[in-house]
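Asker: Residue-level listing of the chains:
Protein chains: 4
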Amino acid sequence: MIIVMRLGAAQSELDRVTELIAALGLAAHVSKGSERTIVGVIGAPADKETLLAQFAGLDGVESVVPISRSYKLVSLEARPERSTVRIRDGIEFGGKTLAVCAGPCSVESREQLEATSVAVARAGANVLRGGAFKPRTSPYAFQGLGEEGLKYLRETADRSGLAVVTEVLDPRDVALVARYADMLQIGARNMQNFTLLREVGGARKPVLLKRGLAATIDEWLMAAEYVYVAGNHDIVLCERGIRSFDPQTRNLLDLSAVPIVQQLSHLPVIVDPSHGTGVRSLVEPMSLAAVAAGADGLIVEVHPNPAAAFSDGPQSLTLGSFAELMERLRPVAAAVGRALPEPAAAAA
Amino acid sequence: MIIVMRLGAAQSELDRVTELIAALGLAAHVSKGSERTIVGVIGAPADKETLLAQFAGLDGVESVVPISRSYKLVSLEARPERSTVRIRDGIEFGGKTLAVCAGPCSVESREQLEATSVAVARAGANVLRGGAFKPRTSPYAFQGLGEEGLKYLRETADRSGLAVVTEVLDPRDVALVARYADMLQIGARNMQNFTLLREVGGARKPVLLKRGLAATIDEWLMAAEYVYVAGNHDIVLCERGIRSFDPQTRNLLDLSAVPIVQQLSHLPVIVDPSHGTGVRSLVEPMSLAAVAAGADGLIVEVHPNPAAAFSDGPQSLTLGSFAELMERLRPVAAAVGRALPEPAAAAA
Amino acid sequence: MIIVMRLGAAQSELDRVTELIAALGLAAHVSKGSERTIVGVIGAPADKETLLAQFAGLDGVESVVPISRSYKLVSLEARPERSTVRIRDGIEFGGKTLAVCAGPCSVESREQLEATSVAVARAGANVLRGGAFKPRTSPYAFQGLGEEGLKYLRETADRSGLAVVTEVLDPRDVALVARYADMLQIGARNMQNFTLLREVGGARKPVLLKRGLAATIDEWLMAAEYVYVAGNHDIVLCERGIRSFDPQTRNLLDLSAVPIVQQLSHLPVIVDPSHGTGVRSLVEPMSLAAVAAGADGLIVEVHPNPAAAFSDGPQSLTLGSFAELMERLRPVAAAVGRALPEPAAAAA
Amino acid sequence: MIIVMRLGAAQSELDRVTELIAALGLAAHVSKGSERTIVGVIGAPADKETLLAQFAGLDGVESVVPISRSYKLVSLEARPERSTVRIRDGIEFGGKTLAVCAGPCSVESREQLEATSVAVARAGANVLRGGAFKPRTSPYAFQGLGEEGLKYLRETADRSGLAVVTEVLDPRDVALVARYADMLQIGARNMQNFTLLREVGGARKPVLLKRGLAATIDEWLMAAEYVYVAGNHDIVLCERGIRSFDPQTRNLLDLSAVPIVQQLSHLPVIVDPSHGTGVRSLVEPMSLAAVAAGADGLIVEVHPNPAAAFSDGPQSLTLGSFAELMERLRPVAAAVGRALPEPAAAAA
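Residue numbers (the working numbering), protein chains in the order written: chain F, -2 to 345; chain B, -2 to 345; chain G, -2 to 345; chain Z, -2 to 345.
Only chain F is shown next, with the shape it has when bound in the complex (with noise of 0.2 Å):
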């Protein structure tokens, strides 16, 4: 930590700096340039966020600049190489064969979650997504079908082969959800829910942990920290785009989120093109971009029907282009060393 005293900052107030830093049991490296005088501070105290901005608010001081991280255990430097998340048998995401998740946005019924699952299986996707419990903007939209939609996830996806995964909201549904799936995925709005991130950290089931509208990556790490330090160490993390000024998609898919996770953690990253645009057309352009940039899978919203869909039918790719999706992928994917999964033997 270096802090940065204002111009003129008197030497009572620099005192007041290196006493407090002393009282801390920590070491101050005083250091007066020919325009401000800086401190740099030396040792390594357990909470930092309350120690900046202890300091950050002394007289005389100009600024307060962090010099290590705030996560430690999702970092690249306590772990240098890169982590795989397996959530069953051969499912892997962070190895060479990409995870592909693909579904519809809610779960909605047997049928639509039977054909969904048949045709994503045969195109290669190996896990299924489906929503059973949904944040909605309004309380008067479709909330999910509840636990009745994670029994149709489970029955569908073991009959196609296919994982589960699927938005957990309440901490008290947990348990409900790790029975029935074989990943808890955090949404988007819940990333600093802080009560529910030590509450799927507490579970036996990988976590996959969504992007916050207006995340930093910093921040984003953190959260997984959360999970992480409270016992949980399968996480995935997931970009999904964030909030912007442009009106023409309904979120902005920042996919150098993919590298920069990579070269600051060692947690595997996918990217979900759907939610990530909010438009059908951008789903597959979006995709074969994801890919290249690295990501270690995508997470797609597929419906037999998008214009019958309760939820997200606009951004929903049908069945069929869902496959011409996956045909298109495969080259790019060898193009950087990468592999599709083989169609699941259920599915052929």
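The hints are simulated quantities; they were obtained by calculation from the structure and are not laboratory data. Keep in mind that the hints are not guaranteed to be accurate.
As the list claims (entries may be wrong) - Chain F side only, calculated, beta carbon under 10 Å to chain B, not exhaustive:
1. 29
2. 102
3. 305
Claimed, not checked - Capping the alpha-carbon separation at 27 Å, the derived lysine-lysine pairs in DSS-like fashion look like this:
4. 29/Z - 202/Z
5. 93/Z - 69/Z
6. 202/B - 148/B
7. 29/B - 202/B
8. 69/G - 93/G
9. 29/B - 69/Z
10. 69/G - 148/G
11. 69/G - 29/F
12. 29/Z - 29/B
13. 202/F - 29/F
14. 29/F - 29/G
15. 29/G - 69/F
16. 202/F - 148/F
17. 93/Z - 202/Z
18. 93/F - 69/F
19. 29/F - 148/F
20. 29/Z - 69/B
21. 148/B - 29/B
Beta carbons are placed, not taken as given, at the ideal position from N, Cα and C, and that holds for glycine.
Since chain F is already given, all that's left is putting chains B, G and Z on it; use the hints.
Answerer: Then chains B, G and Z, alone, in the frame of chain F:
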């Protein structure tokens, strides 16, 4: 709802649209312009969000324009006179007298809180703020004293004649927090934690609903609608700064939100200039501006010794600077026809 | 300038850094912490921007932190007392009396301007605004009357006892506009049109420099520095809203910019609540808030018949609502120790 | 254009709207819904921007929704097949072969440029980039070599068999720059410098139009329309990152802009991963992603010694890393049906 067809959309595509409208029991009103065909949808479906998505997903549709807003009960159309929210005898939000909430970011000790509550009551605040459960970006940062903090809040507030507002993070803690507090705060990070919104919607205490970091005003009002529709009508909105691109401030305080909310909703709205800027020297000018813009109150961070604060020191006022702020506020409030609270009897 | 080395940077990488510092005639101050090594650079190079980039490009360097700000002449450090900018006898920005600029977005006709200037002068404005050269997003939109518009501005302002501020778009028009106007406006879209900044820096008329749509406050002050260093010291800054994510308003008015600028620079700063919101009903509350926040003046769009305006009708006040605004402003200005201009003699 | 009346708008307000429509020679189509009345406006006025503003300014009007887009000539509706822009024999944008522009941010010396152009030509670039006139945030930063820089560009490009693209800042320099360059670049800061757009619209050289830092895609296409309508139809768009909230990168590269532009306009579009991220280690993954997303080319900063660069060192590739990038690009381009340029004959 208006459906805009693409230039050159086929008749069959238009037919599909009007058929779906009829199938939903609504009426269609087709208008062929020189450039595009538009279809007005007449009728009031319950779940507009889903409907919009369905039409937007149809072939030949360029865009779907919602005409009416999604929130109903919190809108000014639903209740043309302004609501006031009373949290204790003589303390209300939305009346001629402003509500002034003041206190530390975190409850740290009985002594810290006692010193603060005596001073802010004497300066004219009528509500004590302070976090017992803290949402912190880092899992290593101070997370609050929990129930012990709630007890300190209640005791010191009672002695100083103040009401208590404090944040609740976990739906399982709503009953506990409601036992001690006069008002339940939903923080910015939880504005779309729908589980928590429903839970406080079932509580018997008023709710202070902060705007999310990247929430549009429509989304914020929809979050209020969740609380309202669950049965709790005592809701106060709080603008606390949104995320923007300039690192100069921690957040960007959006004061235009005050008159916008007042033109759209009957709910009272207050401003948090402390989180809204993150910079102590900006708290006073932004407080004056908030009141001039028509805010129904303020919530300000005050600490007896900001440099020793466990959180948010750089944005906390000292006891002395809070008293000065109240002095400067008085004529501005009067200039726009409002008054500051009289210092509490117990504090005299 | 502080150079932060990566965790585990090699000694040879550190040597490269200190060699480059020495080669540039500066002094290095190396400090090895428990986690990272940091290097303070002592000395004051002319071109800091280039220097920062050079060090940031070296192997082993994690980040380069500038300690001093890049603007010099416009900073409060360079001139601790606040500047005032006089544009005509008795009309100044930055004094006790606020400057109030009012008038139509575009100059449309002599009659429109005459009606407006008489009314705004009577209500207490002291500067007439109006565009003769209009920057329009569409090439098909009305682009202004050009020199004819400038003539109308001069004539009607003179008759009403007002000064004139109007925008210049083309460096080749600076001399022409300066012949008619008392103050040259640089619009938001041209804030980083460095060619134009240098040209008005050579003019003998004061400059009103609007903040760019996505400019940080540092970039804005750097743009002012371009004008200042070119020889023109009569610069007034104008906050006019920045781009954000909520479609509710055209721009997001950043009122915190007022006190921030005043804490960093000696230049006066005013606010444009018309472009800053784009919504007529928000102009009054935001004007009151701007003055309460400490703004040195306002620039407001007023039109005798907003519904017939060639541009920006939805955000223009009528003549009557402008007069009401001035009435409501008076007590707020007084509450913060400021005064409104006395209605011009010629307008009485 | 659709005019949405407020809930409860008076008949007289509706009459005012329809009268204005009639007065403008357009036809009105009134539709009274269960909640609101909407008015369709039929006909194609020249200046839609003004019209929208006029109606939005009327009493009783809630909002005005434009149905058709404001740009015409650059739209895909105007010209359904994709345009290609040829800047020299054998070098085009928009064909099967990608255009690859490479070179330093600033032209610093003949030697620097010579070394760069030989290397990038050998690696397969076909256009040399480099700034002779530099837009710099600080007036104290290196502003470019001017005409001397243009000469170096021409000479070294000719020797290496490359074309030249370079930025023009001042409308008075367009003819000068056009004498040396094959393509005139309009930088991000000048995207809405309408004076400059009109001037290059009259030049005989193709234009590379960068997206502004906070420009919507509609505004960007409107800027292209300015150039097009002024007579210059050889326009290539360039996505170069927009402003966002995460300080992790200098800009946020919006790769979704590539397919969006291709779905709205016939103009070619390329990507600048150097400015688009500002971070060297992100240039390669973002280049691969851009090509996978369908970009028609790239413009990349390359410097023989980034640590000694006068500008943008941290984002410049070395000669070696550029050659590696081209190797990795080749299979990705092939995977989406594109090819890289053949290394220039002179460079072999």
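Asker: So, for every hint listed, does it hold in this structure?
Answerer: Comparing the hints with the structure gives:
1. Against a cut-off of 10 Å between C-beta atoms, the interface hint on residue 29/F is violated, since the closest Cβ of chain B lies about 22 Å away.
2. Annotation: residue 102/F was flagged as interfacial toward chain B, and the flag holds, the nearest CB pair being 9 Å apart, inside 10 Å.
3. With a least beta-carbon distance of about 6 Å to chain B, the hint placing residue 305/F at the interface is held under the 10 Å criterion.
4. Restraint check for residue 29/Z and residue 202/Z: the C-alpha separation of about 53 Å exceeds 27 Å, so the hint is violated.
5. With a CA separation close to 26 Å, the supplied pair residue 93/Z and residue 69/Z stays within the 27 Å bound.
6. As the CA atoms of residue 202/B and residue 148/B are separated by approximately 17 Å, the hinted pair is consistent with the 27 Å bound.
7. Distance hint between residue 29/B and residue 202/B is unfulfilled; the C-alpha atoms sit about 53 Å from each other, more than 27 Å.
8. Proposed proximity of residue 69/G and residue 93/G is supported: the alpha carbons are some 26 Å apart, at most 27 Å.
9. Distance check on the hinted pair: residue 29/B and residue 69/Z sit about 20 Å apart at the alpha-carbon level, within 27 Å; holds.
10. At most 27 Å may separate the alpha-carbon atoms for a hinted pair to count; residue 69/G and residue 148/G exceed this at roughly 37 Å.
11. Annotation: proposed proximity of residue 69/G to residue 29/F holds, straight-line Cα distance about 20 Å (limit 27 Å).
12. A threshold of 27 Å between alpha carbons decides the hint, and for residue 29/Z with residue 29/B the separation of about 16 Å falls inside it, so the pair holds.
13. A distance of roughly 53 Å separates the Cα atoms of residue 202/F and residue 29/F; the hinted pair therefore is violated under the 27 Å criterion.
14. Our distance criterion of 27 Å between C-alpha atoms is met by residue 29/F and residue 29/G, whose separation comes to about 17 Å.
15. Straight-line distance between C-alpha atoms of residue 29/G and residue 69/F comes to about 20 Å, which keeps the hinted pair within the 27 Å bound.
16. Under the criterion of a C-alpha separation no larger than 27 Å, the hint pairing residue 202/F with residue 148/F is consistent with the structure, at around 17 Å.
17. A threshold of 27 Å between alpha carbons decides the hint, and for residue 93/Z with residue 202/Z the separation of about 22 Å falls inside it, so the pair holds.
18. Between residue 93/F and residue 69/F the alpha-carbon distance is near 26 Å, which keeps this suggested pair within the 27 Å criterion.
19. Pair hint residue 29/F plus residue 148/F does not hold up; C-alpha atoms about 67 Å apart against a cutoff of 27 Å.
20. Of the pairs offered as hints, the one joining residue 29/Z and residue 69/B holds, with about 20 Å between alpha carbons and a cut-off of 27 Å not exceeded.
21. Proposed proximity of residue 148/B and residue 29/B is contradicted: the alpha carbons are some 67 Å apart, above 27 Å.
When each numbered hint is compared with the structure, violations occur for hints 1, 4, 7, 10, 13, 19 and 21.
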